[in-house]
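Undergrad: If you read the sequences in order, they're chains A and B. For the first sequence, the UniProt record's numbering assigns the number 1 to the initial residue and increments by one for each residue that follows. For the second sequence, the UniProt record's numbering assigns the number 1 to the initial residue and increments by one for each residue that follows.
There's no promise every hint is true.
[What the hints assert, rightly or not] Short, incomplete list of chain B residues facing chain A, as computed with Cβ under 10 Å:
#1 M22
#2 M26
#3 H96
#4 G154
#5 Y374
#6 D378
#7 L387
#8 L403
#9 R406
#10 L407
[Unchecked claim] Taking lysine-lysine pairs in the DSS-like style, the calculated list, with each CA pair at most 30 Å apart, reads:
#11 K401(B) - K57(A)
#12 K401(B) - K62(A)
#13 K57(A) - K386(B)
#14 K386(B) - K401(B)
#15 K307(B) - K172(B)
#16 K401(B) - K30(A)
#17 K57(A) - K149(B)
#18 K172(B) - K323(B)
#19 K386(B) - K62(A)
#20 K62(A) - K149(B)
#21 K221(B) - K149(B)
#22 K221(B) - K57(A)
#23 K221(B) - K62(A)
#24 K307(B) - K323(B)
#25 K221(B) - K307(B)
Think of the hints as simulated: they come from the structure by calculation, not from any bench. C-beta: ideal position from N, C-alpha, C; glycine also.
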Amino acid sequence: MAQEQKQPKKSSETEEAPEVAPDAAVAERKEQLDEDIDAILDEIDDVLESNAEDFVKSFIQKGGE
Amino acid sequence: MSVRRVMGTEIEYGISVAGQPMANQMVASSQVVNAYASATAKARRARWDFEEESPLRDARGFDMSRQVADPSQLTDEDMGLANVILTNGARLYVDHAHPEYSTPEVTTPLDVVRFEKAGEQVMLDAARRASAVPGAAPLLLYKNNTDNKGASYGAHENYLMRRSTPFADIVKHLTPFFVSRQVVCGAGRVGIGQDGRDDGFQISQRADYFEVEVGLETTLKRPIINTRDEPHADPEKYRRLHVIIGDANLSEVSTYLKVGTTALVLAMIEERFITRDLGLETPVASLRAISHDPTCTELVGLLDGRKLTAVQLQMEYLDLARKYVDETLGDDADTQTRDVLARWESVLTRLESDPMQCERELDWVAKKALLEQYRERDGLAWDDAKLALIDLQYADIRPEKGLYHRLAGRGRIERLLDDVTIEGAMHDPPEDTRAYFRGRCLEKYADNVAAASWDSVIFDLPGRESLQRVPTIDPLRGSRTHVGELIDRCDTAEQLFAALTR
Chain A
1 MAQEQKQPKK SSETEEAPEV APDAAVAERK EQLDEDIDAI LDEIDDVLES NAEDFVKSFI
61 QKGGE
Chain B
1 MSVRRVMGTE IEYGISVAGQ PMANQMVASS QVVNAYASAT AKARRARWDF EEESPLRDAR
61 GFDMSRQVAD PSQLTDEDMG LANVILTNGA RLYVDHAHPE YSTPEVTTPL DVVRFEKAGE
121 QVMLDAARRA SAVPGAAPLL LYKNNTDNKG ASYGAHENYL MRRSTPFADI VKHLTPFFVS
181 RQVVCGAGRV GIGQDGRDDG FQISQRADYF EVEVGLETTL KRPIINTRDE PHADPEKYRR
241 LHVIIGDANL SEVSTYLKVG TTALVLAMIE ERFITRDLGL ETPVASLRAI SHDPTCTELV
301 GLLDGRKLTA VQLQMEYLDL ARKYVDETLG DDADTQTRDV LARWESVLTR LESDPMQCER
361 ELDWVAKKAL LEQYRERDGL AWDDAKLALI DLQYADIRPE KGLYHRLAGR GRIERLLDDV
421 TIEGAMHDPP EDTRAYFRGR CLEKYADNVA AASWDSVIFD LPGRESLQRV PTIDPLRGSR
481 THVGELIDRC DTAEQLFAAL TR
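This is chain B alone, in the form it adopts within the complex (with noise of 0.2 Å):
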C-alpha cells in the first residue's frame, strides 16, 4: 500500500462583513453561496440529495438519538441554506454560520492540494460576486479556524478505510500521531487558551479547542479522534475515517504532507504493519504542550516510559513508513509515495535542528518567521494588536490582500502546483473517482439533474413522472477510464440513463 487512498478535505471559511461586526455570517454565508451558483449554473440548479446521510452514526456501532443530540450536531436537514455541486464534483455549502467547501473523491495527496486549492479559487470568485453586488458591503473569507475569542470551526480531512480494521486500532495508533503532526502541518497561531487570552505564538490553529481522546461530538467536547461513522460507500466494507483535528492550510507543502503521512500511517493500521506501541500517557494535555512550544523541543511522556518530542515521535512513524513501503513495494513504489518520504524526512530534519530553516514550505514557520521580521524591526510584543492582524490577515484568500499569497508572490514559499493547474479543477473534476461522473453529468446534462450527493445522482427526466436514481456506491466507480467514452456519446441525460439501466 502507498499514499493511494479515497479521500478529501471539508473546509469551513472564517467570513466577516467589511465594517459590520454583528452582521449575521449565516445570511452572509448563503450570499457567498448563492452568488457562486447564479453565476456558474448553467440551468437548474441540482439540490444536495440527503438521503444517504446520516450524521449520527457512531464508528463503535450505534446511533445518538436525534433528541439527546445537541442541534449543532444535526446536518443532514436541509434547513434552506444554500448547498450546490459543482461541475468538478465538489460540494459549495453553508454549514452553521461559515461557506464550506468539500473537495471532491480524490485519491493522491496532490490531487487534495489541487482539489482544496480549486476550492480557495472558488471562493474568493464567490465572494467577490457576493460583494459585487449593488449595496452590499465587501464579504472577506479567511482559511483559518479560530477567531481568538473562543470560536473554532474545522477543516476536516475524510479518509476510506477497510471496516474490517478494528477502530480500537485506528484509535490506538492513530492518536500519537495526530497529537505530533502539527509541527509538519499546523498553521500557526497568535494567542494561547481557546479565548486567546494568554500572550505568545502556538504551532496549532486548533491544539486549544480539543478536550477529549475519542468521541462523536465536533462542535463541543472535540475529540482527537472523531468516531463519526457514515462511509457514503458499501459500509460492509469501509468506513469513513472523519478526521477533524487539522488546521486549514495555506500551504501547499502543509497540505500534501498532512494527506499523504496521515494516508501512509492508516495504509499500516490497516496491514498491522505497526508493533511499536506509541501511546501517550496524556494525548490531550500533550497535544496542547507541543503547540505551545515553537522550538519544538517540549518533551512528551510515552506509556513505555520515554520521552519524545513531537518530532522524534513523528520520526518513529517515518521510520516505520520507510520499513513498511520498502517490504511491501520496493522499487515499484509510485512518485508520491517516495515523495511524501522525502518530504516528510527532510522536514522533520530540518526541524530537530532549527524549526526556522522550514519557512519555505510549512505554514506555521513561514507565519512565525513574518511575525519575528516585525517583532525585530518595530519592537512589538506579543500583546500588539499587530502581531494578531498578521495572522488573521496570513489567511485573507484575496491574492492582494493575504500574506501567504504575498509571501508565495515574492517566491518565498514553495508550491507544488501553478495556478493554471488549480484553476482548471475549479471546473474538471478528477477522473479517477465516482465525482468524474457527477460532476461530467453537471456540466452536460444540468438541464436534468435533480439532485447529487456523494453516492448518487438523480435525474429528472422528460416523459417519467419519477425522479431517477443512479446510485455511486462504489467510489473508485464513475471514473473517466468507466464512463468517460460514455458521458462523451450521449448528447442527452436520456441517453445516457437508458445506457446505464440497459
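Chain A with its partners taken away, still in its complex shape (with noise of 0.2 Å):
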C-alpha cells in the first residue's frame, strides 16, 4: 500500500508503473520474512541460557578421543 501511494509522486520521473506490482510482491515477502525471523528470535531469545559471558566462561572440557 505504502508503494501504491507514493507512486503518484514519482510519476513525472519514471514510466515504472507495470513494475509496481512485482516488487510489491517482493517487499511483502521480505516483511514476511522479517517477521518470521523476529519470531524465531523472540522464541530464542526466551530458551538463551542467561548471562552468556558466564555461561559460556564456564563450559571447560578436557580434550577426547
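If you follow the hints, you should be able to join the two separate chains into one complex; please do so.
TA: In C-alpha cells form, the structure reads like this:
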C-alpha cells in the first residue's frame, strides 16, 4: 500500500508503473520473512541461557578421542 | 559400487554440570552412562569384551609400543569406566572425560543418520535420568567438538575397506576430499584458533585442531588421515578406515552427505577410478584457510598448479562420482546412491552462488544465518558472548533448549527421518549386519550374555564351567536373514548356542 501511494509523486520522473506489482510482492515477502525471523529470535531469546558471558566461560572441557 | 558399505560413527559429547564448572567430568560421564544402563538393563549388565582391540595397530604395518604411547591413546584397558552394549547394537561408554555413543554397524548413509540420531536420544534420556537422581545437579550434554578454550573431542567415522587397496592411494585421493568436504558437513564455530583467541565465524569446529597430514594419534598432533588399523573383521580381507576429521552434526542432511559422499569416494579409490591428481600443495594450511572463509571463495593451491575453491574441489569429486556410478551401475544405481549424488550437486551449486541458500540443510549455514540475524537485530560484534552462547547452545541436545532443535521444530531445517523412526532405532538393531545378532541376543537372552563386542558375543550358560564365545568376525553375517528365524525360535540362550554349534 505504501508503495502505491508514493507512486504518483514519482510518475513525472519515470514510467515504471508496471513494475509496481512485483516490487510490492517482493516487499511483502521480505516483510513476511522479517516477521518470521523476529518471531524466531524472540523464541530463542526465551530459551537462551541467562548471563551469556558466565555460561560460556564455565564451559570447560577436557580433550577427548 | 555405491554408497553402500559397512560403516558407523562414534560421537563424544561435551558435558557440563550446571553451576559447577570444576566438576569431575569423568565422574559426570559415568553417571550419565550408568543412569541409562541401570534404567534399561533387564538383568545382568553385559560388559564390553576387549580381547580383539588393538588401538596401537598402525595401518602402515607396525604396532606402536605401549611404553612410548601417550596414556590417552590407550582405550582398551578397562579403567573401571562405564561401558555398556545396547539392544540396538550400539555401544555407550565413557571415553576419557566424555560420554560416547558408537552406532551399530550399518550399510547405508541414511541408517548412519538413523542410529546416530537415536544416539542423541539415548544421551538425552541418559542425562535426564542422571539429573533426576536426588541431590544431583543437572547434567548438560552438547553434540559439538570444542570448548573454544583449546580442548577438542571427536566425532569419528568408520568405514570398512578392502585390505588390498594400497594405503598410499587412500592418503593421496582422500586428503583433498577431506580438506574440502567441510563446506558441506562443517558444523560452524564462533572463534578462530584452537583456544578461540581471535574473533569471527568459521565453517568447521575441528579444522584448527589438525596439525599433520597422516598419523596414528587422535589426541595430539591430529592427522587429516588417521592410520589406526583395527578392522574388527578378518584382517586379511579388510581394514577399517578410522576418520577423525569430521564435525559432530545435528543436521540430518549434513550427516547424510558427510557419510554418503565419503562412501562414494572410498568406492572410487578401491576401484582405482580416480585418475586425476587433486593433491594439494599445503593440505593442513588449506584446511584452515577454507574453514576461515564462510564466503567459500578462498582459493587453495593444487600440486598441478591450479587454484580452486573448496566447492570447486568438491565438484571435481562429484563429477568423478557421477561418471563412476553411471559407468558401473547405470540405471541399476540404488535410490540412496542417486539421492546422495543429487543432493550433493544441489548443495554445491548453491554454495557456489550464495552459501546462505543452504541454511535449511547444512549445520554451519543454519548456525551462521542465526548468528547474522542476531548481529543485525542487536548490533553485536563477533566478540560478543551472546554469539558464543548461540554457538554452544546450538548443540545442546535438549529439545527445549537446543537451538538446532528450536529451528528444526519450526520447520526451518530439513529432516530426513521422523521422530518415531529415530525412537525405534534406540531399541531395535539394524537388520542387515551382525549388530542384529548382538542386539537381539542382548534383548532376548540378557541373563546369559556375559560380554559382547563388535566381533563377539560371550555367553554364560548354565551347567558350563567356562564362558562360550560366539565370534562375529564377518560384519555382514548375523543379519536378520541369517539368524532372525533362529533367534525367534530359540527361547533360551542354551537352545541358541546349541543350534549355532551343532
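Undergrad: Each hint: holds or not?
TA: Tested hints:
| no. | hint | result |
| --- | --- | --- |
| 1 | M22 | holds, 8 Å |
| 2 | M26 | holds, 8 Å |
| 3 | H96 | holds, 5 Å |
| 4 | G154 | holds, 4 Å |
| 5 | Y374 | holds, 7 Å |
| 6 | D378 | holds, 9 Å |
| 7 | L387 | holds, 8 Å |
| 8 | L403 | holds, 6 Å |
| 9 | R406 | holds, 6 Å |
| 10 | L407 | holds, 7 Å |
| 11 | K401(B) - K57(A) | holds, 18 Å |
| 12 | K401(B) - K62(A) | holds, 23 Å |
| 13 | K57(A) - K386(B) | holds, 11 Å |
| 14 | K386(B) - K401(B) | holds, 15 Å |
| 15 | K307(B) - K172(B) | holds, 18 Å |
| 16 | K401(B) - K30(A) | holds, 28 Å |
| 17 | K57(A) - K149(B) | holds, 9 Å |
| 18 | K172(B) - K323(B) | holds, 20 Å |
| 19 | K386(B) - K62(A) | holds, 23 Å |
| 20 | K62(A) - K149(B) | holds, 10 Å |
| 21 | K221(B) - K149(B) | holds, 17 Å |
| 22 | K221(B) - K57(A) | holds, 26 Å |
| 23 | K221(B) - K62(A) | holds, 16 Å |
| 24 | K307(B) - K323(B) | holds, 23 Å |
| 25 | K221(B) - K307(B) | holds, 27 Å |
Against the hints set out earlier in the document, no violation occurs for any number.
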